[in-house]
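With the hints as a guide, bring the two chains together.
Letter by letter, the chains look like this.
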Amino acid sequence: MASGSTIKCVAWDLDGTLWDEVAIERTDSALPQPTAEVLRAIDRLAERGVVSSVASRTDPTLLTALQQRDDLASRFVAPQLAWQDKSVSLRRISEELGIGTDALALVDDDAYERAEVRAALPEALVLAPEQVAGLLDSLPADPDTLTPEARARVRRYREEEQRKQAESAFTGSREEFLAWCRMRLRLRTAEAGDVARVAELAARTHRLNSSQLAPEAEEVAAALAQPQRWHVPVAELSDRFGAYGLIGAALVQREVAAEPDAWEIRLLALSCRVAGRGVARDFVRWIMDTARQAGAARVRLVLRPTDTNTELRILLRQCGLQAGGAWDEEGRAVLRRELVEPLPAYSPWLSRDEEGRA
Amino acid sequence: MNAATETYPYVEQTIRELLAEAVLTEPGELDHLPAETSLFAPEIGLESLSGMRLLAAVHRRFGVDVAAEDLNLDALESIAALTGFVATRVAEPPSDGP
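Residue numbers (full-length UniProt numbering), protein chains in the order written: chain C, 1 to 358; chain U, 1 to 98.
Bound-form chain U, shown alone (with noise of 0.2 Å):
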């Protein structure tokens, strides 16, 4: 196991929580949903401007600029795909999280 895979049920979760509060849902609400779920699925339900607020609170979190690293987006494709994207690019949880 290398260091990125380590790190991936954190940083689900934390996805998740961020998803959450960029589509205005209360925190846990999009706990029960596959890491497959698309994004832009009604589930979820992201758009422009929530898109923002997440690779806002995802670069503040993580550091990780998906907007200007990630220039197909590929990484709004669904919660595992963003997980994906922010683990191998953090090699361990910022000290100051949560």
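The following block holds chain C by itself, in its conformation from the complex (with noise of 0.2 Å):
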């Protein structure tokens, strides 16, 4: 089961644990008043990079209501008001979040619907009201060790919510979408202020995610802190729906013992919520321009496969990177690329903000 430290997103129920009430017994057609306890615990966790969701089982039309009213519209993501398990519920919460079901929590008054979720989802927490104050206690209190993009959690989950709505609404083909997104990439070093981020992006992607190199905070700031030892670039995305945040990053190191006029790519990490819109590859294309520009001959990158980042192998093989020789015993192979050939293409429905090159 998971624990407080892994969740990402707790769906509330609505009867009885978000209110006192029953919403649908009401005589009007005003929704119960939440009850204060609750909605501070829900402020809570945001602060600490929690979401929260609904999982109630109730008339679908309650949705409607739920959504007019700005303090409950604006606390919760993917909200589920169906006639069905809250399981299913949890199940749709998942897969419209882009987030695992062992990051969920549900909290429910009724034990029926937790012991269901138990059964159904082992892997997801469930707590009865009176838990919350645990799992909140279970949660780092300290919002310094917050990064910005878990403190932005809400806001993202919702305009990826909007995003993923335009985007089944949209008639025209993919790169059209793409297009009407207006996507902004912004390419740049990384500063100070980036350091725990680019930890953070290190530790938790895996689909795009070249090495599995693992650097602590403190491993990354050395590396600022050695700019003719260690390029570190980082990138950042934003289109019509808002701000993705600092959503890539490597570390390059420009001095590589074996090969002198090679810069190594000894890890690459980009958050899979900006998979298939051509991020990845133009970071890796900006990083080739950087060390052309800064006279390197080649580019190695230090790939390790896993089941889960093939995609990324596919699009370095696209970039021309291949694998001269043999894999080590870690299962580790490096990757080279001349650079007096021709680079990959910039993706035209990106527009590109670069600075601070290297």
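Hints should not be assumed to be uniformly reliable.
[Claimed, not checked] Simulated DEER-style distance windows between Cβ atoms:
| hint | chain 1 | residue 1 | chain 2 | residue 2 | range |
| --- | --- | --- | --- | --- | --- |
| 1 | U | 74 | C | 115 | 20 to 26 Å |
| 2 | C | 352 | U | 10 | 41 to 47 Å |
| 3 | U | 26 | C | 240 | 39 to 45 Å |
| 4 | C | 226 | U | 36 | 33 to 39 Å |
| 5 | C | 44 | U | 27 | 53 to 59 Å |
| 6 | U | 74 | C | 329 | 50 to 56 Å |
| 7 | U | 25 | C | 308 | 47 to 53 Å |
| 8 | U | 74 | C | 240 | 37 to 43 Å |
| 9 | C | 326 | U | 41 | 24 to 30 Å |
| 10 | C | 63 | U | 32 | 25 to 31 Å |
| 11 | C | 328 | U | 41 | 27 to 33 Å |
| 12 | U | 68 | C | 115 | 35 to 41 Å |
| 13 | C | 227 | U | 74 | 57 to 63 Å |
Since the hints were derived computationally from the structure, they do not count as laboratory data. None of these values were measured; they are calculated from a predicted model. No residue lacks a Cβ here, since even glycine has one placed at the ideal position from N, Cα and C.
As structure tokens, then:
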């Protein structure tokens, strides 16, 4: 079962949990008043990077009323109001937010509902309302340890909902949709304020992660302090719906003893939220540009294939990075690409701001 | 002629079909391309997401897991390379094939 520190989203029951009444038994069309205690808990969770959703076995038409109440609409993402099992609702939330069911918690006053979710989704955390205080205590209380990305998670999940809706309603081609999104990619060298986020990306990404090298924040800071040895490029993405924040980072060694004219990408890590938009390819292309302008003859990249990073392997191959030598005993290989050859094209639908050239 | 080379025409034709499906183009649209065409060339335009679709389709159709068996992904070099990689691993077309 999930523990507090891995929870990204808490799904709240409504009747008897968020409020004391039963919404559909009211004679007027207004929703009951949520208890102040629960609203406070939701806000404290949000401060700790945990978003809230709704899993209610009730009349689906109540969703409209929920969305018209600012104090509720602003607090919940991907709310599920339906005559269905809570485990089904939790699966929907998991799909809509793109997070695993092991990162979900259900808070419900009904022992039957808790048992149903426990049986169907043993990986999820299941709590009675009185156990929420314990969950809050288990989360890191120091807001300074939270990265801006974790703190902004509620807003970002809401933007992601809007993106998904816009994409399914869009009638043109995929490329036309990407262009319509007006994506801007900001490419720059990492600064001191990015250290925690770079370490977080390295530790938490899997699909778009080249080597699973997971440096501690101190090691990232040490690399930043040695710009003659290390280049630490980062990428931020925004589009018409909002800002994704810092979604890509790399650790690039500017000196390789074995090959003095090569730069070596020791780690490439991008959030899977930006997969399929050309962002990873443009980031790799920009690193190649930077290396070439600094006089490197080729780029090396340490690759460790896993069950989950095939997509990135295809992308690297597309960018012309190929393994020349043998795979080491840890399953790693060094890919290479000569920089005299034409570099892969930038995505036409992405506009770029480049700064902080190494 | 060994079993692998006998299956080449069938495998290559199927690969072309799976490839067309993966890059969301009409079936038959890639039939005129030389077998040496790079999958990443603009005529085909394979990229990471369509590449994932292609590898999944090849795995389903032929039972060959290219991602696991070809760490270098050299099989993605061209239509011919992918055909060769798959053909040497399937002795004969699956009976439930098209």
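Against the structure, the hints come out as follows:
Taking the beta carbon of each, residue 74(U) and residue 115(C) are about 52 Å apart, not inside 20 to 26 Å as hinted. Separation of residue 352(C) from residue 10(U) is about 45 Å and conforms to the stated range, judged on CB atoms against 41 to 47 Å. The beta-carbon spacing between residue 26(U) and residue 240(C), approximately 32 Å, falls outside the hinted interval of 39 to 45 Å. As the Cβ distance of residue 226(C) to residue 36(U) is approximately 45 Å, the hint placing it in 33 to 39 Å is violated.
Separation of residue 44(C) from residue 27(U) is about 55 Å and conforms to the stated range, judged on CB atoms against 53 to 59 Å. Under the hint 50 to 56 Å, the C-beta atoms of residue 74(U) and residue 329(C), about 21 Å apart, miss the expected range. Against the hinted window of 47 to 53 Å, the Cβ-Cβ separation of residue 25(U) and residue 308(C) comes to about 28 Å, which falls outside the hint. The beta-carbon spacing between residue 74(U) and residue 240(C), approximately 40 Å, falls within the hinted interval of 37 to 43 Å.
Distance hint check: the CB atoms of residue 326(C) and residue 41(U) are about 29 Å apart, consistent with the given range 24 to 30 Å. Roughly 52 Å separates the CB atoms of residue 63(C) and residue 32(U), a value that falls outside the hinted 25 to 31 Å. In this structure, residue 328(C) and residue 41(U) meet the distance hint of 27 to 33 Å, their C-beta atoms being roughly 32 Å apart. In this structure the hint that residue 68(U) and residue 115(C) lie 35 to 41 Å apart at CB holds, the actual value being about 39 Å.
One distance hint, 57 to 63 Å for the beta-carbon pair residue 227(C) and residue 74(U), is violated here, with the actual separation near 36 Å.
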